[in-house]
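Starting from the known structure of chain H, arrange chain P on it as the hints suggest.
For the record, the sequence lines run as chains H and P. According to my numbering, the first sequence is numbered sequentially starting from 1. According to my numbering, the second sequence is numbered sequentially starting from 1.
No lab work stands behind these hints, which were simulated from the structure alone. Treat the hints with caution; some may be incorrect.
One-sided and incomplete, this derived list gives chain H residues near chain P with beta-carbon spacing under 10 Å [what the hints assert, rightly or not]:
#1 129
#2 130
#3 131
#4 133
#5 134
#6 148
#7 149
#8 151
#9 152
#10 154
#11 156
#12 158
#13 259
#14 263
#15 265
From the three backbone atoms N, C-alpha and C, an ideal C-beta is built for every residue, glycine too.
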Amino acid sequence: MPSLGADMEFGTVLEWLVKPGDAVKRGDIVAIVDTSKAEIEVEIFEDGVIGKLLVPVGERVPVGTVLATILPAGTNGAKAAVPTPAAPPTPARAEAPSAPPEPRPPMRAPPPSPMPLRPVHDEHPVRVSPLARRTAEQLGVDLATVAGSGPQGAITRADVEAAAPRPVVRHRQPPRGAQPDRQAAMRDAIAALMARSKREVPHYYLELQIDMTRALAWLHEENLQQSLQERLLPSVLLLSAAAKAVKAMPELNGFWIDGAFRAADRVHLGVAISLRGGGLIAPALHDADRLSLDQLMAGVRDLVQRARIGRLRSSEMSDPTITVTNLGERGVDLVHGVIYPPQVALVGFGAVRERPWAADGMLGVRPIVTATLAADHRASDGHAGGRFLTLIEHRLQRPEEL
Amino acid sequence: MTIAGTSTITYREALRAAIREAMLADARVFLMGEDVGAYGGSFGVSRGLLAEFGPDRIRDTPLSESAFVGAGIGAAMGGMRPIVEVMTVNFCLLALDQIMNNAATITHMSGGQFAVPLVIRMTTGAGRQVAAQHSHSLEGWLAHIPGLKLLAPATLEDARGMLAPALADPNPVLIFEHGSLYNMEGELPDGDVTVDIEHAAIRRAGSDVTLVTYGGTLPAALAAADQLAAGGIDPEVVDLRVLRPLDDATVIASVARTHRAVVIDEGWRSGSLAAEISARIMEQAFYELDAPVARVCSAEVPMPYPEHLEQAALPQPPVVVAEVRRLVGADV
Numbered sequence: 001m002p003s004l005g006a007d008m009e010f011g012t013v014l015e016w017l018v019k020p021g022d023a024v025k026r027g028d029i030v031a032i033v034d035t036s037k038a039e040i041e042v043e044i045f046e047d048g049v050i051g052k053l054l055v056p057v058g059e060r061v062p063v064g065t066v067l068a069t070i071l072p073a074g075t076n077g078a079k080a081a082v083p084t085p086a087a088p089p090t091p092a093r094a095e096a097p098s099a100p101p102e103p104r105p106p107m108r109a110p111p112p113s114p115m116p117l118r119p120v121h122d123e124h125p126v127r128v129s130p131l132a133r134r135t136a137e138q139l140g141v142d143l144a145t146v147a148g149s150g151p152q153g154a155i156t157r158a159d160v161e162a163a164a165p166r167p168v169v170r171h172r173q174p175p176r177g178a179q180p181d182r183q184a185a186m187r188d189a190i191a192a193l194m195a196r197s198k199r200e201v202p203h204y205y206l207e208l209q210i211d212m213t214r215a216l217a218w219l220h221e222e223n224l225q226q227s228l229q230e231r232l233l234p235s236v237l238l239l240s241a242a243a244k245a246v247k248a249m250p251e252l253n254g255f256w257i258d259g260a261f262r263a264a265d266r267v268h269l270g271v272a273i274s275l276r277g278g279g280l281i282a283p284a285l286h287d288a289d290r291l292s293l294d295q296l297m298a299g300v301r302d303l304v305q306r307a308r309i310g311r312l313r314s315s316e317m318s319d320p321t322i323t324v325t326n327l328g329e330r331g332v333d334l335v336h337g338v339i340y341p342p343q344v345a346l347v348g349f350g351a352v353r354e355r356p357w358a359a360d361g362m363l364g365v366r367p368i369v370t371a372t373l374a375a376d377h378r379a380s381d382g383h384a385g386g387r388f389l390t391l392i393e394h395r396l397q398r399p400e401e402l
Numbered sequence: 001m002t003i004a005g006t007s008t009i010t011y012r013e014a015l016r017a018a019i020r021e022a023m024l025a026d027a028r029v030f031l032m033g034e035d036v037g038a039y040g041g042s043f044g045v046s047r048g049l050l051a052e053f054g055p056d057r058i059r060d061t062p063l064s065e066s067a068f069v070g071a072g073i074g075a076a077m078g079g080m081r082p083i084v085e086v087m088t089v090n091f092c093l094l095a096l097d098q099i100m101n102n103a104a105t106i107t108h109m110s111g112g113q114f115a116v117p118l119v120i121r122m123t124t125g126a127g128r129q130v131a132a133q134h135s136h137s138l139e140g141w142l143a144h145i146p147g148l149k150l151l152a153p154a155t156l157e158d159a160r161g162m163l164a165p166a167l168a169d170p171n172p173v174l175i176f177e178h179g180s181l182y183n184m185e186g187e188l189p190d191g192d193v194t195v196d197i198e199h200a201a202i203r204r205a206g207s208d209v210t211l212v213t214y215g216g217t218l219p220a221a222l223a224a225a226d227q228l229a230a231g232g233i234d235p236e237v238v239d240l241r242v243l244r245p246l247d248d249a250t251v252i253a254s255v256a257r258t259h260r261a262v263v264i265d266e267g268w269r270s271g272s273l274a275a276e277i278s279a280r281i282m283e284q285a286f287y288e289l290d291a292p293v294a295r296v297c298s299a300e301v302p303m304p305y306p307e308h309l310e311q312a313a314l315p316q317p318p319v320v321v322a323e324v325r326r327l328v329g330a331d332v
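With the rest of the complex left out, here is chain H (with noise of 0.2 Å):
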């Protein structure tokens, strides 16, 4: 079960796509799953075979937790399906009665093990509780394929249940009040990342007003020449402006892990989606630096379509590098954002409005936008975060290069 975005502990397993035994590549989709938020499709990234699913459709598990197994390329897809999900063992004393015993085979010592066999002390032996053990005979679940949660890392009954070939149907009542309301669940995993960023991520903020003058004359320009559905929106441009910036700012474009920054090689910009009926989400647009203005455009519609029902790919949740969060679409001036954890820096565009500007001695009426950067403290200082803003400042200058 990936993680699909630092706030998801749980997924459900909605469909499978594949089945053991069919051949997959890198990026292909083979499963959906439900994480608290949206209907999710994983990819999967490596060639391979299907081996085993793991996890039945329906089952809630951790995140870490192994869907299916993956055989190398090549394997022969049938044979590869693994023994279909072995049968419970009939117990030895109700096979007796059926044949008659044959005479008992001389004693002989076991042929060398074609392996080394494991010591009896293992440094770090596998815990499993007795129950887990008797019901992974019952289930014909192989431990050696199960996480554990228990105790100092056991593997419980709940763990082999969840690793079974079929899901387990044991009457049992649900938790009191454990509705499963996708609506609050969602508020919960947001609440947790943001109490998490607040917690934890010293935010410096800084603001900057920016003259959008040409910017939205020359995009005046390009819309005269596109069809209704191809016009660009001014937010397009922001996008842009910022994804571009921020690939010369290794310092703000990146993840900070483990109490260290890894900056990320490449740019996947976070866009936040306000979802009808309230919550957030904030999918990647991958590689944003490197696409044209259309691009980005469709990618933006693209995003905000499938989050809306529900439907983004993994790599989509899991990848953004940076986020920016436009409120400018909701008509006010300025954002000040919470960071989304790991990530190390959050870009807010209030609206583009018509002030009084002064520039060359002169007073005139212009449309500005209040760029804003919430950026971690641990990553970066404020002179890189100004220099950021001021290199948005710049791009929006030339949209030409946009």
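Frame of chain H, contents of chain P only:
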């Protein structure tokens, strides 16, 4: 508000009602112990009984546990049905020779010629700032002794109902009244209350973990269960009621349903009833266990006098909650 056919009653009053009922029902029954007469009992259980039944049947004794427990054994062997009150379980150590070497063995050593139908009531447990000579929970020591039956009423119903079957039993029966329960108040049906003295009771049904407890820690276990239930973990609470012989069947059946167990015992962990129960679960339900059996016991110190230290030494609901959450793999 009182429900029709029931009365509001305290644990202390329920015990008194049971003694009174037994005295009225059987002329062989009498009560003796330190201060049970004129003073009304160190914990007020026998208040008013001297006036009603007179000094022959409500007998104040000298300060010698060995003497008056021994007298009780003799009276029981002679055909009476004595109820002996020992002020605290700590003080019963002075009578341990009588309890162990006489009460528990005479039936066996006489080849069944003598029964010892004696009931000894004693206060146990801490939580009242009466320090280390009045506060311990030594039920586990006495539960070691074959020939005795040990009861731990933790509810009003058991406080009211356990005495009659205890007096009817031909063997010595020890009843442990936890000092923190005397003021517990609730509703109890008017008239006779009939309970058995063989079985443990499930005080709260649940599916995720079995909390095994008895006596004064039952309220702590139930409080922990409520907190856990609010967090989506559904505990079952088993009240042992009878500490010897233990009702293994009820405990094992519960663990077979929940697959996890936490034993909550106000005794010290080492060599405790909690240890015994844990071992029995391992012996009889090993393959049902989804986690090791856990125990929450008192700190292994003489019970402290200062309130904050005493409370810190006792099994408290947050510790039970934390242990359960650890067993089910939830974040603590």
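We went through each hint and held it up to the structure:
no.: 1; hint: 129; in the structure: 4 Å, holds
no.: 2; hint: 130; in the structure: 5 Å, holds
no.: 3; hint: 131; in the structure: 4 Å, holds
no.: 4; hint: 133; in the structure: 8 Å, holds
no.: 5; hint: 134; in the structure: 5 Å, holds
no.: 6; hint: 148; in the structure: 9 Å, holds
no.: 7; hint: 149; in the structure: 4 Å, holds
no.: 8; hint: 151; in the structure: 5 Å, holds
no.: 9; hint: 152; in the structure: 9 Å, holds
no.: 10; hint: 154; in the structure: 7 Å, holds
no.: 11; hint: 156; in the structure: 5 Å, holds
no.: 12; hint: 158; in the structure: 8 Å, holds
no.: 13; hint: 259; in the structure: 22 Å, violated
no.: 14; hint: 263; in the structure: 32 Å, violated
no.: 15; hint: 265; in the structure: 35 Å, violated
Going through the hint list in order, the structure does not satisfy hints 13, 14 and 15.
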